[in-house]
Structure formats: structure tokens, C-alpha cells
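Enquirer: Residue numbers (this note's numbering), protein chains in the order written: chain A, 3 to 410; chain B, 3 to 410.
Treat the hints as calculated values from the structure; they're not laboratory data.
Hints are supplied without guarantee of correctness; some may be wrong.
One copy or two, it doesn't matter: identical chains are merged, so the pair holds either way.
As the list claims (entries may be wrong) - List time: in silico PhoX-like cross-link candidates among lysine-lysine, alpha-carbon distance up to 20 Å:
no.	residue 1	residue 2
1	K53	K272
2	K407	K272
3	K352	K304
4	K290	K18
5	K139	K159
6	K18	K272
7	K407	K352
8	K53	K36
9	K304	K250
10	K175	K407
11	K352	K36
12	K52	K187
13	K250	K407
There are 2 protein chains.
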Amino acid sequence: MDLDFLSSLAIQNDSKVVLVVMDGLGGLAGPTGKTSLEGARTPNLDALAKKGVCGFHDPVGPGITPGSGPAHIGLFGYDPIERLIGRGVLDTAGTPFEFMPGDLASRLNFATLAADGTIADRRAGRISDEEGLRVVKKLAGRISEIDGVELLLQHVKEYRAAAIFRGAKLSGKLCDSDPQQVGKKPLSVAPIEDGQAPDPEAVRAAELANMFIEQARGVLADEPRANFLMMRGFDIYDPLPNFCKLYKWRAAAVASYPMYKGVARLAGMKVIEEGQQSMEDELALVEKIWAEHDFIFLHIKKTDSKGEDGDYQGKMEVIEHFDSLIPRLVALNPDVLCLTGDHSTPCALKSHSWHPVPLCIVAATARRDACQSFGEMSFLAGGLGRVNSTDVLPLLLAHAGRLRKYGA
Amino acid sequence: MDLDFLSSLAIQNDSKVVLVVMDGLGGLAGPTGKTSLEGARTPNLDALAKKGVCGFHDPVGPGITPGSGPAHIGLFGYDPIERLIGRGVLDTAGTPFEFMPGDLASRLNFATLAADGTIADRRAGRISDEEGLRVVKKLAGRISEIDGVELLLQHVKEYRAAAIFRGAKLSGKLCDSDPQQVGKKPLSVAPIEDGQAPDPEAVRAAELANMFIEQARGVLADEPRANFLMMRGFDIYDPLPNFCKLYKWRAAAVASYPMYKGVARLAGMKVIEEGQQSMEDELALVEKIWAEHDFIFLHIKKTDSKGEDGDYQGKMEVIEHFDSLIPRLVALNPDVLCLTGDHSTPCALKSHSWHPVPLCIVAATARRDACQSFGEMSFLAGGLGRVNSTDVLPLLLAHAGRLRKYGA
Numbered sequence: 003m004d005l006d007f008l009s010s011l012a013i014q015n016d017s018k019v020v021l022v023v024m025d026g027l028g029g030l031a032g033p034t035g036k037t038s039l040e041g042a043r044t045p046n047l048d049a050l051a052k053k054g055v056c057g058f059h060d061p062v063g064p065g066i067t068p069g070s071g072p073a074h075i076g077l078f079g080y081d082p083i084e085r086l087i088g089r090g091v092l093d094t095a096g097t098p099f100e101f102m103p104g105d106l107a108s109r110l111n112f113a114t115l116a117a118d119g120t121i122a123d124r125r126a127g128r129i130s131d132e133e134g135l136r137v138v139k140k141l142a143g144r145i146s147e148i149d150g151v152e153l154l155l156q157h158v159k160e161y162r163a164a165a166i167f168r169g170a171k172l173s174g175k176l177c178d179s180d181p182q183q184v185g186k187k188p189l190s191v192a193p194i195e196d197g198q199a200p201d202p203e204a205v206r207a208a209e210l211a212n213m214f215i216e217q218a219r220g221v222l223a224d225e226p227r228a229n230f231l232m233m234r235g236f237d238i239y240d241p242l243p244n245f246c247k248l249y250k251w252r253a254a255a256v257a258s259y260p261m262y263k264g265v266a267r268l269a270g271m272k273v274i275e276e277g278q279q280s281m282e283d284e285l286a287l288v289e290k291i292w293a294e295h296d297f298i299f300l301h302i303k304k305t306d307s308k309g310e311d312g313d314y315q316g317k318m319e320v321i322e323h324f325d326s327l328i329p330r331l332v333a334l335n336p337d338v339l340c341l342t343g344d345h346s347t348p349c350a351l352k353s354h355s356w357h358p359v360p361l362c363i364v365a366a367t368a369r370r371d372a373c374q375s376f377g378e379m380s381f382l383a384g385g386l387g388r389v390n391s392t393d394v395l396p397l398l399l400a401h402a403g404r405l406r407k408y409g410a
Numbered sequence: 003m004d005l006d007f008l009s010s011l012a013i014q015n016d017s018k019v020v021l022v023v024m025d026g027l028g029g030l031a032g033p034t035g036k037t038s039l040e041g042a043r044t045p046n047l048d049a050l051a052k053k054g055v056c057g058f059h060d061p062v063g064p065g066i067t068p069g070s071g072p073a074h075i076g077l078f079g080y081d082p083i084e085r086l087i088g089r090g091v092l093d094t095a096g097t098p099f100e101f102m103p104g105d106l107a108s109r110l111n112f113a114t115l116a117a118d119g120t121i122a123d124r125r126a127g128r129i130s131d132e133e134g135l136r137v138v139k140k141l142a143g144r145i146s147e148i149d150g151v152e153l154l155l156q157h158v159k160e161y162r163a164a165a166i167f168r169g170a171k172l173s174g175k176l177c178d179s180d181p182q183q184v185g186k187k188p189l190s191v192a193p194i195e196d197g198q199a200p201d202p203e204a205v206r207a208a209e210l211a212n213m214f215i216e217q218a219r220g221v222l223a224d225e226p227r228a229n230f231l232m233m234r235g236f237d238i239y240d241p242l243p244n245f246c247k248l249y250k251w252r253a254a255a256v257a258s259y260p261m262y263k264g265v266a267r268l269a270g271m272k273v274i275e276e277g278q279q280s281m282e283d284e285l286a287l288v289e290k291i292w293a294e295h296d297f298i299f300l301h302i303k304k305t306d307s308k309g310e311d312g313d314y315q316g317k318m319e320v321i322e323h324f325d326s327l328i329p330r331l332v333a334l335n336p337d338v339l340c341l342t343g344d345h346s347t348p349c350a351l352k353s354h355s356w357h358p359v360p361l362c363i364v365a366a367t368a369r370r371d372a373c374q375s376f377g378e379m380s381f382l383a384g385g386l387g388r389v390n391s392t393d394v395l396p397l398l399l400a401h402a403g404r405l406r407k408y409g410a
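Throw the hints in and build the complete structure from the sequences for me.
Expert: Structural data, given as C-alpha cells:
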């Protein structure tokens, strides 16, 4: 849906809306013949399914398996195809770094280069946060511009960091320098070949990136592990239309992983940072910020991690654990409580997948359906049917009474 | 769907198609736990649900609550976002007024102005049709042009009329002069502010409107009640692609309220005017015009009115009343009989809503589904699933054998 159109209908009121994203929620049947979600004992989720209206969303479109970026971008109402956000921007947005429009961001991976010039370790022995930060500071102390273009460095986590070129007309259409395999030589950064004449802004950006890699190699030469860096996920920062302004509400994000904070920050939500790690920490934060916000995005990570591990039992336990915390959410008495995932992560596939994602909206204004329990099979009888992820936000606004009538 | 594409597939045949729009049909569960539609005793509708294929349509898109204009525009196959029709054009189209492309139409509300220049009554004491018509004639006798631009006046109903500027390059992007509250002074008409430089065509139109309001004030000064008028819902008449030409059929509309006649007339349907008021009147008209038409749009108003009143029982009775007339429609033996609403109007909300609208298509060519009764919960098992309102017309054409195969 066109955002200007949707925004033109948005009105303010006193309602509170909570969007819970259980990452990688949907699955496939496991050894018991049920999905983790169906197999889990979830009396609280079941009660919500019974009360609310249920169905599925397709994160991008039928058959498309999304990364976490597009999956969240869609749930936040933006077109995930039109608004593809590169890893460089996404990871950097998960840090306190303050972007300016036009910044060219790239993810940096510290690596160990062998004497023969091949990559010996793509993660520099998984150096600690402390060591990663130290190396970033060392680099930043020696390199602040490349060939007259400002360069900013930001530590992300462990061996991961980000490099941002600022103030030049550059393109992010660049190949990674990471050869993706140990024992190979790092690649040169180069414009992505697309059959067109090379774009001068991409040529210039590749030049700067390669100069930076070379200079960094000199600065890092005496490091035992992080003696090299690779660049990947180049992208230009292009601000998203602001989620708070579009929908006239005070929106906040509670998440424990940087990437989800990042995508929320890119949308213009207030990202709450209090070192939250556990689901209990996150719930406590939601309670703490409740009065001052109208929309809260709550991200639960572990459902996805267990799916990626292929840990059917573990995913079930994470879901049961979250279920036990639901009464705390319900006690806040949100006007609209939406429970869904960003994409499916079936244990059987050990990866994200394209399968439609369970979706439940609980609100006094929801039309009842026949769903009696929270699960993939049950939701097939749901009243929402199958919508696109970008339809979820308009539905939340509608159920909260936050959209005025369109036309006479 | 692209109309040129759809139209390119349309073929003529002898089939008869009836589209029944029970205005505001869908609802939410009432005190009995059922919607009005589920609670009503509807043996005839149930028989049709059993025979036909059922499901839902979204009038504009998930979460969007439409006015009656966009809701019907979508059912007639036009994109309701691209084709937003302002109240001035919509109301005028419900009268016999003949538009010309480029006309700028505005709704007029006669009002009572107090001695202190504030609005004492926004509806001029709800003057009668007769009095309204008299005042319009009086105005028209004295004002036929404003600053060299032709002005046409048309009575609509009671205190409502329309003013149409013709022959000048004008824009309809204007604010209303109605302050929406008694005790306030009327507003000046002005271009809608959108952060752009004012559009000269809107500036000119605002100038003409304000001059007209001032002149009308003089003409109406001696009226006891309708001594003033307010302008609202400005819009330029931009003809819709003709429904009869697009689909190669003779289409007629049977409705009792001006607005629904208006939207059908805008689409190019023949609007039957024989003073019909009751559902029985309307059914008799359908029977009367049966032989000469291929497509008949039949509009039932009272389902919506009862929904707007929050009258759960009343809405049920209207549905039961209409159900009792169904045998007359069935007796005509239409090839395709479609029963739906334009939008939902849940009694619980006392307003239009975004909830998907029940949809049933009865035709020999319909694929059977499991629906045994006509209602929201039952239709969740329907074979149509959830479509957009703009998909309804292609489905009707298809079930009537009026679309040829696309491509080899």
C-alpha cells in the first residue's frame, strides 16, 4: 500500500499497539508430526488465538525466503523489495552511529591473513568485543580520510565493524572483498557488473574501498589475529519515511540483538538500550516504557536461533518460555496485541524459509474466527486468511481506530 | 487489474448478471455471539451460499475503511485509490444533472446564519425538498455566472444542493467553507495546503467560490431559514471509463438513494428512476427491466443504516426481509447472481469498517465449496478466499462466460 495514502488516513488517539515478532516463528512438522509451535504447550498463546483473529502473512511474496532485514521492513509497512537495505547499513544502524543521508556504509570483518596472502581465518579467531573495539580505535586513530573523502569507523560486535564514507557522491553497487573461503586471496572491491557501462560513482567507491583496505593492512600488520579486514554489504544510507511521523504515534523498539534494533532505528522508532538480553529483561523494558509510547515493537530472537540450529525441542521450549510471559503483556491491556514472526525458520531446514508466517491480532474490534489454538494448522481456519507482510501494519492501525474513513 | 486488459478479453453473450450490494453487510459478533448476518434466519441466502462459491473481498485493501464512493467504485472494477471521487461530484451525479468533463462541482449545504455572522444551523432547520428546490431556483434565477465563469445549480435533497462551475480551467483541491460546528463563523474557501506553491487553478477556483458565497448571501438575505450556504467536497468531474463499453453489456442500476445512483451513473450505467423506495419497489423494477439488460446492480441501503445506528436486531430484520425477496431474484434465473456488500458496517462500531465483506457468487460455472450457510464465520471455508473488491467484476464476467481466453 502506498505509504503517503496510508499516512493520509492516520489519526491520533490514545490506543496502545504491541507488535511481538517471534523471529522465525513458523515451522514444518517435526518428529511428532507437529511443528514446534503446535507441539509446544502454550495456554496463553492459545487463549489469544481464541480471542483474536488469525491467519498468515507472506514476508515478501509467495515462495520468497527473506533475510531479517526485508522481513522486518515489510512488517513495518515498507515495501521490502523497493526498500532493500544492505548489510553495511543494517549492521551499522544497530549501533549508536548517526548516519547522514548519502553515507556509503560497508560491513568490515576482521580476518587473519597468512604469509602467502591468503585468508587464514575469516573471523580473526573470533576476537572478543574488547579486542575488536581496540582494533577499530587503532584504525580510526590512523585513518580518517581516504583520498580526500571522510572515513568513519564503528565497532559492531566481536570481529565485526563498519566503515562509512561520507561527503562524496558514491554508489553502493559494489562486490564484496570477502572470498567466502579460507585459503583464498581476498578479492578487490569492484563495481557489480550488470552489462551496463561502469557507473563512475561505483568506480570511485571501489577505488576508495581498495585504498582503505590497503592502508588498513599497513596499520594492522603487527596484530597477531586481526591483521587484515574484508569489506562486504556496501550500501548507501537512504532514510526510510519516518514511522512515527507517518502514523502519528510514539513508537519504540525493544530487542536484544543489534540488527533488529538497527532496522527499527532506520524506520525512526526510538530504540531502547538498557543492555537487555533475556525475554524477562525485554518484558520489563516494555512495562517500563509503556506509558510514554503508543506502538511497541518487541523482538524475540531465540525462536529463530533454535530453528537455525535444527533444534526442534529447543524451539518448542523457547516458545513455551515466551508463552509463560504473555500474562505480563496482557496485563498491560494493549488495545491491539499482534503476535507473529518475521519469517518462518523450520528446524527441518535449519534456515529461514518462504512458508507463510502465523499471524494473530487481538483487539476488541477484531472479527472472531474459529481458531482455538495458536499454530500453523489451526490458523488455516483463521479470519485473516493470508495477507502480505505489508498489510499487517494497516491492519494494526485499523484495529486501533487509528485510520479514518477513506473517501465519501 | 488493468481495465484495458480486462476489456480486451470481454465478449458479448446472452448471459444475465446480477450484482446485489447489501450496503454495510459484514459485521462483528453481537450480544448473541453471532453477527447480524449469522443471527438472521435466511433460508434463501443459505441455499445460495450452499449452491455458490463464497468468500470475502477487501473494499480497498486490508485495514482500509472506505466511504460508499470508493467501496462501489472498487466493486465496479475501478481502482478506488486512483479514482477517488469527491462528494461534490458524487452527490451531483445522483441527480439528473448532466456533467461535462472538467466541471468543478461542490456540494452546497443551506444553513442559517445568525446576526453575529456565526452558523446557527448547519442544515437550515432541515428544510423540506420543496423548500430546498425553491431556494435553488431563486438562486439560479439571480446567479448564472461568477466573474465570467458559468455557474450551474442543482438541488439534491432537502437542504443539500450542488454548484457546478463550467468552462474554466479550475482545480478541486480546495478546503470546505463549512466550519463543521454551529456557533462558528463560516470559513473562506482556500486551496488545500500541501507544502507546494499554490496552484493557480485552485487559487482561481477559491476566488470564484468565495465570490459565489458572498453573492448568494445577498440573494438569500430575506430567507427565514436558508439565508446562507456552505460549500464542501469540491471535485473536478473526470469521466470514468464507461462500464457498458468496457464489458460490452447493457448495464443498469436499481437503487433508492441518490449517492448509489450517482456512482452507477458515473460508471456509465443506466440509472432507473421510478421513485423506488422500498426493497419491493426495487425488486419490481429489476423484474421490469430484466429483458433489456445484461448486468443489473441492485443496491439495498437499510443494512448499512441499521449498522450505523448500532441496531443489531434491526440489521437482522433487514437481512431477513431481503432474504424473503430472494425467490423473486432467483425466479428470473440469472446466469450469475452475486450477493455481497460494499463494506462492513458492524453494529458494534456504528460505522463503516475495514473488515472483509462476505461475498457469494452463484453460477452454474462456480466451483463448489463447503459453505452451508450465509455468514462471516461460514464463509471462512469458502472457495473464493479473500480477494480485493476490484477482483469481483472479473469474476462475474468469467462466471458469465464473458471473458475469452487470454493468449494462446
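Enquirer: Could you tell me which of the hints above the structure violates, numbers in ascending order?
Expert: Per hint list: 1, 2, 9, 12 violated.
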